[in-house]
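*Asks:* What follows is each chain in one-letter form.
8 protein chains.
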Amino acid sequence: MPDVGVIMGSDSDWPVMKAAAEALTEFGVAFEAHVVSAHRTPEKMIEYARTAADRGLKVIIAGAGGAAHLPGMVASTTPLPVIGVPVPLKYLDGMDSLLSIVQMPAGVPVATVSIGGARNAGLLAVRILAATDEALRSKMAAYQEDLKRLVAEKDAALQSEI
Amino acid sequence: MPDVGVIMGSDSDWPVMKAAAEALTEFGVAFEAHVVSAHRTPEKMIEYARTAADRGLKVIIAGAGGAAHLPGMVASTTPLPVIGVPVPLKYLDGMDSLLSIVQMPAGVPVATVSIGGARNAGLLAVRILAATDEALRSKMAAYQEDLKRLVAEKDAALQSEI
Amino acid sequence: MPDVGVIMGSDSDWPVMKAAAEALTEFGVAFEAHVVSAHRTPEKMIEYARTAADRGLKVIIAGAGGAAHLPGMVASTTPLPVIGVPVPLKYLDGMDSLLSIVQMPAGVPVATVSIGGARNAGLLAVRILAATDEALRSKMAAYQEDLKRLVAEKDAALQSEI
Amino acid sequence: MPDVGVIMGSDSDWPVMKAAAEALTEFGVAFEAHVVSAHRTPEKMIEYARTAADRGLKVIIAGAGGAAHLPGMVASTTPLPVIGVPVPLKYLDGMDSLLSIVQMPAGVPVATVSIGGARNAGLLAVRILAATDEALRSKMAAYQEDLKRLVAEKDAALQSEI
Amino acid sequence: MPDVGVIMGSDSDWPVMKAAAEALTEFGVAFEAHVVSAHRTPEKMIEYARTAADRGLKVIIAGAGGAAHLPGMVASTTPLPVIGVPVPLKYLDGMDSLLSIVQMPAGVPVATVSIGGARNAGLLAVRILAATDEALRSKMAAYQEDLKRLVAEKDAALQSEI
Amino acid sequence: MPDVGVIMGSDSDWPVMKAAAEALTEFGVAFEAHVVSAHRTPEKMIEYARTAADRGLKVIIAGAGGAAHLPGMVASTTPLPVIGVPVPLKYLDGMDSLLSIVQMPAGVPVATVSIGGARNAGLLAVRILAATDEALRSKMAAYQEDLKRLVAEKDAALQSEI
Amino acid sequence: MPDVGVIMGSDSDWPVMKAAAEALTEFGVAFEAHVVSAHRTPEKMIEYARTAADRGLKVIIAGAGGAAHLPGMVASTTPLPVIGVPVPLKYLDGMDSLLSIVQMPAGVPVATVSIGGARNAGLLAVRILAATDEALRSKMAAYQEDLKRLVAEKDAALQSEI
Amino acid sequence: MPDVGVIMGSDSDWPVMKAAAEALTEFGVAFEAHVVSAHRTPEKMIEYARTAADRGLKVIIAGAGGAAHLPGMVASTTPLPVIGVPVPLKYLDGMDSLLSIVQMPAGVPVATVSIGGARNAGLLAVRILAATDEALRSKMAAYQEDLKRLVAEKDAALQSEI
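Chains as they are written, first to last, in the numbering used here: chain A, 846 to 1007; chain B, 846 to 1007; chain C, 846 to 1007; chain D, 846 to 1007; chain E, 846 to 1007; chain F, 846 to 1007; chain G, 846 to 1007; chain H, 846 to 1007.
No lab work stands behind these hints: they were computed from the structure. Don't take each hint at face value.
The calculated lysine-lysine pairs, modelled on DSSO-like cross-linking and capped at a C-alpha distance of 27 Å, are [stated by the list, open to error]:
id : chain 1 : residue 1 : chain 2 : residue 2
1  : D       : K935      : B       : K993
2  : B       : K984      : B       : K999
3  : E       : K889      : B       : K889
4  : E       : K863      : E       : K889
5  : A       : K935      : C       : K993
Make the full structure from the sequences, and use the hints.
*Replies:* Spelled out as structure tokens, the structure:
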């Protein structure tokens, strides 16, 4: 039974959104991925969101671009935490996507990450699950230590260049 | 039976949105007005949109602010033309509302008017109805003549000031 | 006799604007297309707009970029509903086009669609005509059902990828 | 016979635009002022612009806000230099007005000044007339010397404050 | 032992941030609140973040304005989920705060809510805790039902106004 | 003796600015072109501007990008009309150039054209000279007629495409 | 002999700029303050900048708004470090001032602080002088310790409020 | 012992940041360069900043992109002057980087240069060191003279082109 649902409005969002899936896989978190469009399949989207908690999902990651309504609409129909990924489209560099996702009215929050930041959406889902799962939190802490090592290696590489 | 449905996410949008109602009233177009929230009553919103055409509505005007999902979500669930009014909130001067409404994906258009432009939403609904109603179109043409007279009066007033 | 007039300021707008024509063709809506420039042929533009309704047009779609005056100027001279398409130019990603089209003063609305959103302009014209044409509205409803099927297919394709 | 025509879309623009008139008066340049609306009186606007040069006008100053089409439309119908003043409206701080005026396509220039910068529009008209009028140019040079004196006085006042 | 830490860079952020505390109180979630400044007390901030998980916190809400570094810096030093609230300052309407919080690099997510959206930050913290706490999730679902009732009441009130 | 001075901050601006020179050439207006940098040769720039009118120049066209100070600084030191061309650089699409040029304080106007709009700068210089030169104004009027013919040709070409 | 020159384009900038003077006074750094306008007194500005180093100044702080040319122009004429303060004017919240100051071309840097950030300009001048003045650097370090104490006091005050 | 520390959040910033190193090298100023990440190595960053002055550094140049926290965080932990370089990332053209760096709160200044303006960061460091080093200031003055010569050469080259 997956813990995280990764949804997106179109399969053209997958090249961006798969980075969320990869992050979840790295941490051994089970997920499902679906194309669910707020604008093309509104009832299916509502149904997906309404049943998500009962199906055992604990976090939903939703990516969308332009007038990006998917994350907010899903958040309106589930009590689960919803993470929104602003997908950049051809114009405006994702600024429209960002504002459409983050500027939610009081009552219905969406946990928004950076423009195109699907990997961080995956990592945020892990942190949310890890809030009450010590083993997963240790993995996250270890990952953060790895980031430090990576920086140290990059610094060493830089020394040889200057 | 009303021809136009005027909906908004909260009664706090009414001070902006009532200008749409006033324009419709001026042209003798019957309308209904409802608070229907994309984020607080998603199912009710879907239901409203799904049944709108069958109930006899011909145009829907939807106002919303911030991550303004109401116009686009309604447009996704009805074949009627939907007019979106970006309602300005406390920050960003309605730019978030505008982008959230206008930047709809291919397949589901929203006829967007200016920030806070509810009067124009009402007038646009009249023009849409008038496209196939010659009497109403004559009224719109007469209204446009009135605008000209108004400008002439203002110009005369200006002459006395300079 | 065409129902829809598709106009643009320059033939360089055609690669964007032809998507409106294609949508109209898909729905069997007759249209005409013309290059009519607000800035290079102002009198011709006024003439086009002034006679549009009498020639039998019911909706006008106008695309323009930069200081995009064509949609608003046409709307000022016809009682027909005018749909504006912000055409993105070399700089600013169409934000100038969008604001020049959508921010019309009270009295003269332009039904604005997304930046580069000519296909949606065509679909909006269909919805406007369908408001009083049940057969056309059924076609639009069927089209919306097709969009759902498309999403279902894309979702199936995604399942085989993850 | 006035040298400069000052026009604006509405008498509500006059509180901003009168600064242009004041600057012209300071330099003894004759002007006329009119309410001429691109969106409410398009034919009158075209007529105004078409006959301006023959009536003896040498420069036109046009102020407008929002989807500000007046300066560009006038420029399209006269060979005279047209100065555009972006009038700030209730939202967006005049950024929509600025882009709607300045981003004109190749072939039809508008000499744009700052948001709300009607005084500078007046001074620019003076400079344009002074380009071929040595007496007027001397006045402008003297005015610029006055600005220097003003700065010197302000600097002296500042010294007594610190 | 509190589950949520609410921190902010200055006590001047409290008028915005207390809405997060109120939401937590409504749901019976224990929290602590502290002034912790990224720029004035960097070591204390690092210490706060480093020990948060071990002290039993499960979620951190961090509010900051301008070059808003607090949420991202705390996220860099804890494996817990961090919610960022962009606090609007005197200029730019919180756009600088939003971008400084949401545009985090890959590896370190911040769950960003709307500009000034502290209430939603509190509700998001509840959702995160509720992901693995069925009783709390029921409360959230009940709260969402209440929102629906509220809309129904507002709609009724609107009917008496039109 | 040239009537128009075309200046720019760097020879890298020439690919943009030469369109101004071409427009002037088309109308038979004599010009000079120089690299004069506000930031690298401030004294030379001041000297250029200070002596421009006495050397017989009637209009100055100045192009600059980024923190574009050249047009405004030249305008501060000459009574001649100065036309500013915002040159787009690698980032921000020329929005910084535009604001740095157009937002001049009261007292010192710059006639700003569109981002990258050097051709229009040339045409605006022609209009300024033509304000008191009937022959040149006839040429400009003829040019505007040519634009109309061009649109008619493009419209004809479009007909064969649809 | 003052170490720091504080200049501004108009005495209307003083309410913002005096915070720089106050910061310098707190650290016992001698300064002079003058109204020097890039646009109204270009030659005086050049003279001020050209002689600043020889007169013993070590740092220049320049505040300006709108098309803010003073900091960059001064930087072009002195080898001293120049700190630019974007002064917010009536429209655009200082975004025009910021871009006009910070986006300098390669070769001529301006050390830009936040919009309205004159206090930080003063503190930055202190840091620059302190780079080679150990006593002053100790003062700055002590000031930074004071900031920490202030945060601790604010945190204590917050505890009594929640 | 180096006078200047050049740091950046990732080795991917080096293609931008090396221009700072080159400028320092041209002026014979010794520097060190390191990868120090605010978000991946927060403690190391604090340590770097805390010990910088004692290790003999006089100026720190920090480059970062997106939610760019490195310059501000370093400035919060050292009394040295810190120069911030907004590194442009894939989206938003560095506007997020700029605002995240420049909009620092009162008390902790960052000397911000243009987007991608690493060369100017190097030159600004030279000017800061030169404020109390006459030989270095002469070099900077000589460099500024060279810029003038360069402009003269470019102007000569332009003459042969027109």
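*Asks:* Does each hint hold? Answer for all of them.
*Replies:* Verification of the hints:
| no. | hint | in the structure |
| --- | --- | --- |
| 1 | D:K935 / B:K993 | 23 Å, holds |
| 2 | B:K984 / B:K999 | 23 Å, holds |
| 3 | E:K889 / B:K889 | 49 Å, violated |
| 4 | E:K863 / E:K889 | 22 Å, holds |
| 5 | A:K935 / C:K993 | 23 Å, holds |
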